[in-house]
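Keeping the supplied structure of chain W fixed, place chain D upon it in accordance with the hints.
Now for the letters of each chain:
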Amino acid sequence: MGTRQIELEVMRYNPEKDEAPWFQQYSVPCEEDWAILDALIYVKDNLDSTLSYRWSCHMMVCGSCGMTVNGEPHLTCKTFIRDLPDKVRVEPLENFPIERDLVVVLDDVMQKLQLAKPYIIRKDDPPPEDEEYPQSRAALKKFKQYTMCINCMLCYSACPQYGLSNDFIGPAALSLAHRYNLDSRDQGKAQRLDILADHDGVWECSFVGACSEACPKNVDPAAAIQQMKVDGTMEWWKQKFGLTGDKP
Amino acid sequence: MKHIQADIVIVGAGGAGLRAAIAIAEIDPEIEIALISKVYPMRSHTCAAEGGAAGVKLSDDSLEMHFNDTVSGGDWLCDQDVVEYFVEQAPRELVQLEHWGCPWSREDDGSVAVRPFGGMKKKRTWFAADKSGFHILHTLFQTSLQFPSIKRYDEFFALDLLHEDGRARGVVAMEMRSGCFFHFSAASVIMATGGAGKIFPFTTNGAIKTGDGMAMAYRAGVPMKDMEFVQYHPTGLPGTGILLTEGCRGEGGVLVNKDGYRYLQDYDMGPETPLGEPVFKSMELGPRDRLSQAFWHEQKKGNTVPTAWGDCVLMDMRHLGAQRILERLPMVHELAVSYVGVDMITDPVPVRPVVHYMMGGIASNIEGETPMPGLFAIGETACGSLNGANRLGSNSLTELLVFGKRAAAGAAAFAAENDYPREAPALLAQAEAIVARVRGLLQKSEGNESVAGIRGEMMNSLEEGAGIYRDEEGTEIACKKIAELQARSAAIKVNDKSNVFNTDLQGLLELQNMLDAAECVAEASNARKESRGAHQRMDYVERDDENYLKHSMAYRQPGERPRIDWLDVTITRSQPGVRDYSGDKK
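Chains W and D are the protein sequences, given in the same order. Per this note's numbering, the very first residue in the first sequence carries number 1; after that it's consecutive. Per this note's numbering, the very first residue in the second sequence carries number 1001; after that it's consecutive.
Isolated chain W (complex conformation) (with noise of 0.2 angstroms):
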C-alpha cells in the first residue's frame, strides 16, 4: 500500500504557557487507508507526544474524537486521508472553549443533555419485571432515528446559534428530549414541555439545518426541533383548554 504526505496544521494550546492557540506543523506520511484520526496518532506516536486529543473507538461510535478538519466538524476517524488535499488543518471543535490542544470543555452540552430528561417517564406503573412493553415496528420507527446520537456535539460545533449564545438548548439535546416524547413507552412529553419549548429552547433554532448537515449519524436534528416546534404548538394549546399533553 503506497503512503501519501500529508502537511497537517494542527491547532496547539496550552493554557499553561500559551496565551492565545497557534498552529504547528508536522509531516505525516499517510497509507492510503487512513483516517485524519491515524495521522494524529501517528504524529502522537512518532513525531510529537506533547499532543492531546480524545479518541477511543476508531470505529464512529465512541464520539470522542469530533475536530475541526478544514473549516468542518467531522469525526476524525471517519474523515479520510483520500477525501483530503495534501494540506490538512486540524483544529478543536467550534463553539467550545478551547481545554487543552484539540480537547475541548463539554460541560455546557453535558448539563444540557440532562435538562432534556432523557429517560423513560411514566405515569401509569410499568409492566411487571418480566413483561415487556409491546411496541410496533412502526413505532419504533418513529423514534429510532433520533437513538442513533453518539454525542459527538459536532451538532452543536455547526449551529450558528449555539455560537451566538449557549444559552439555546442546541439540537442533541432536542432530538434527545424528541427521542423520549415519540416513544411509545414514555409518559413524559409534558414534563419536557417547559425546558424545551421556552425562550431558550426550540424558538431559538433559525432553521438553518447546519446541524444535520454535520451529523455523522443522520440523526437529523433540524427534523427534531421543526417537529418540537409544531407539537409545542399543540400542547399550549391543549394545556390552555384543559385537555392532557400526553398521547394515549
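Don't read these hints as lab results, they were simulated from the structure. Where a beta carbon is used, it is the ideal one built from N, C-alpha and C, also for glycine. Errors might be hidden in some of the hints.
If you want the footprint, here are the derived chain W segments under chain D, 3+ residues with CB under 8 angstroms [as the list claims (entries may be wrong)]: (1) 4–16; (2) 58–71; (3) 87–96; (4) 204–210; (5) 225–238.
Derived pair list, reagent style DSSO-like, types lysine-lysine, alpha-carbon separation capped at 27 angstroms [stated by the list, open to error]: (6) W/K17 to D/K1585; (7) W/K17 to D/K1123; (8) D/K1481 to W/K141; (9) W/K144 to D/K1057; (10) W/K144 to D/K1497; (11) W/K44 to D/K1123; (12) D/K1497 to W/K17; (13) D/K1123 to W/K141; (14) D/K1057 to W/K142; (15) D/K1481 to W/K44.
Anything over 12 angstroms on all C-beta distances counts as not near chain W; from chain D, calculated [what the hints assert, rightly or not]: (16) H1003; (17) A1049; (18) S1062; (19) E1098; (20) W1100; (21) E1277; (22) P1373; (23) D1471; (24) A1527; (25) K1529; (26) N1547.
Relative to the frame of chain W, chain D by itself:
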C-alpha cells in the same frame, strides 16, 4: 490533594458501572455514589458491542439449554453456580432495559426479536440492529441521569486502590482537566473498568481498554484469575481490527477460503449447512475459539487470501440481499465500505481473527466479591467465571447487567455493615505515596525509552508468544520480554510537563497498567500445560481435566515473576464432556 467522601466508589462508567450505580441508587437514594471514569460515560467501550445480549426468551428454549451452551462453550471452566444464577436472571435484566427505553429490534407482533449466535442452541440474542452495546450503554447512561445520588467524576483517571488492613478503602484519581489529584474514600469500591485488549497489536478494543482496573487490583495484592484465556473474534476487519459482529453469521453469512470453500467443515464443525440457512452450533455458528483456530490452520495450509493488510479469509453475505443487510446490519455495512472499501451487498469481505475479549480478570465470585473485603469487580475487568475458557458471544452484555446489579447489592450491604473512621492517617499517607509516584514520572527529565516504543514491543511479544496457539518456549520468551519491558519502562521520559489534559503522562500510566495485565497473560499461558477453549498449547494438545480443571490465580510478587496458584472450578451438574459443534448431525 482534594478529598471526596462517598459511601461507594465505582471506577468505570460503562455498562457494568452504570448498571451498578443505578441499582445502588434504587436500593437507597441516601447512599452516596462516586462514579469515576477516565472518559465520559457514553465513550465507554460498551458502545462498540454490536451483536446483542443473551437471555432465554422463546418457548422452545430453556434456562437449562442456555446453561449447557455456556458451560460447554466455556470448555467446562465456568463456575456452574455462577452460570445458573446468570441464565436465570438474564431475561429479567433484558426486560428491565426494555422498560428503561432500550430500542430493541422487534418482531412483527411487537415483541422483542432474538437472533441466533455462535455456540447457542436456540435464538436467544436480544439485539438493537447491530448497535446493541451502543444502545444499552446510552439507555443506561440516560437512565442514570435521573438519580441525584449518582455523582459523576468524568475524565478522572484512577491511579491506584487505597486499602487498609486488607480492606478496600477508596482510590486516588487524577482529574484530566486540571492534573489535580483526588483522594476518594469509601466503604466499598466497585471496579468496572473493562478489558485490556490493547495489550495486543490487533484488537477490536478501543484505545481506552488498557486494563486499568486489573492492574490497580493486581498491584494491591488481589489475584488475577484465568488470564491466559484471551478471546480472538474470528471476523475482524484487517488493518483496523474493527469488529464485524457475529450477527453477520447469525443472519446467514458464511466463511470461505481462497478457493471459495467453506473450510469450517474440515475442523469438526461440519457438515456444511445450506447457504443462508444457518444451523445452530455448527459451521459458522460454532464458537469463537474454534473458528479463530480454524483460520490459523487455513493460513498454515496456504488457503488464506493475501490482502494489503495481510492474510484473510472471506465472509460472504451476498445471499442475504441488500434489504436484510441494511435493516439488520447497517453499521457493519458502513464500516466495511469505509475502512476496507468493500460493499458486502455485492462482494465478500476480507476478515481475520482479532483479539476481542479477556475471559480472565480480577478474581471475583458470584457476588462480584474479590478476595479483598470491600472490593467488588464486574464486567470484563472481572473474572467471575461465567465465561470459563471461552465466552459465548452475547453473554457478556448480559453479564454486565446481571452482575452489575448483584455486586451493587453486595457493595451497598458491605457499606452499611462496615462503617469506618472518616479520618484515616494511614490512607492519607498511602494516597500521598501514589501521588508522589505519578509526580515523579511527570518530573523525570532523563530517559531514552518511549511509551509508543515499549507498547509496540509488548504487543508484538504477546502476539508471538501468547496468541491463538502457544507453547512452552514461546510463552517463556514472552514472560521474559514483558519483565524486560517493565524494567525498561522506568527509562521513559514524559515530554509533556503540563498539568492540563496530559495524555503523554496518561499514556505512560496506561502502559504500566498494560504491562501488568500482559505479565499475567504471559505467565498464566506458560503455567497452564493443557489445551482448553481459547488457550491452545501445541505442546499439550489435549484438555487435562485431571490436573487443570482449575482456575489459574496470578499473584503479583514485586521484582519477581508472579506466583500462580490453582483454584477448583465449581461444578454443580455438568461434568466435563465433549464440545459438539456438528449441529446434532453426528
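Hints, verified against the model:
no.: 1; hint: 4–16; verdict: holds (count 3)
no.: 2; hint: 58–71; verdict: holds (count 7)
no.: 3; hint: 87–96; verdict: violated (count 0)
no.: 4; hint: 204–210; verdict: violated (count 0)
no.: 5; hint: 225–238; verdict: violated (count 0)
no.: 6; hint: W/K17 to D/K1585; verdict: violated, 70 angstroms
no.: 7; hint: W/K17 to D/K1123; verdict: violated, 59 angstroms
no.: 8; hint: D/K1481 to W/K141; verdict: violated, 53 angstroms
no.: 9; hint: W/K144 to D/K1057; verdict: holds, 23 angstroms
no.: 10; hint: W/K144 to D/K1497; verdict: violated, 45 angstroms
no.: 11; hint: W/K44 to D/K1123; verdict: violated, 45 angstroms
no.: 12; hint: D/K1497 to W/K17; verdict: holds, 11 angstroms
no.: 13; hint: D/K1123 to W/K141; verdict: holds, 23 angstroms
no.: 14; hint: D/K1057 to W/K142; verdict: holds, 25 angstroms
no.: 15; hint: D/K1481 to W/K44; verdict: holds, 25 angstroms
no.: 16; hint: H1003; verdict: holds, 22 angstroms
no.: 17; hint: A1049; verdict: violated, 10 angstroms
no.: 18; hint: S1062; verdict: holds, 15 angstroms
no.: 19; hint: E1098; verdict: violated, 5 angstroms
no.: 20; hint: W1100; verdict: violated, 6 angstroms
no.: 21; hint: E1277; verdict: holds, 24 angstroms
no.: 22; hint: P1373; verdict: holds, 31 angstroms
no.: 23; hint: D1471; verdict: holds, 31 angstroms
no.: 24; hint: A1527; verdict: holds, 32 angstroms
no.: 25; hint: K1529; verdict: holds, 37 angstroms
no.: 26; hint: N1547; verdict: holds, 40 angstroms
When each numbered hint is compared with the structure, violations occur for hints 3, 4, 5, 6, 7, 8, 10, 11, 17, 19 and 20.
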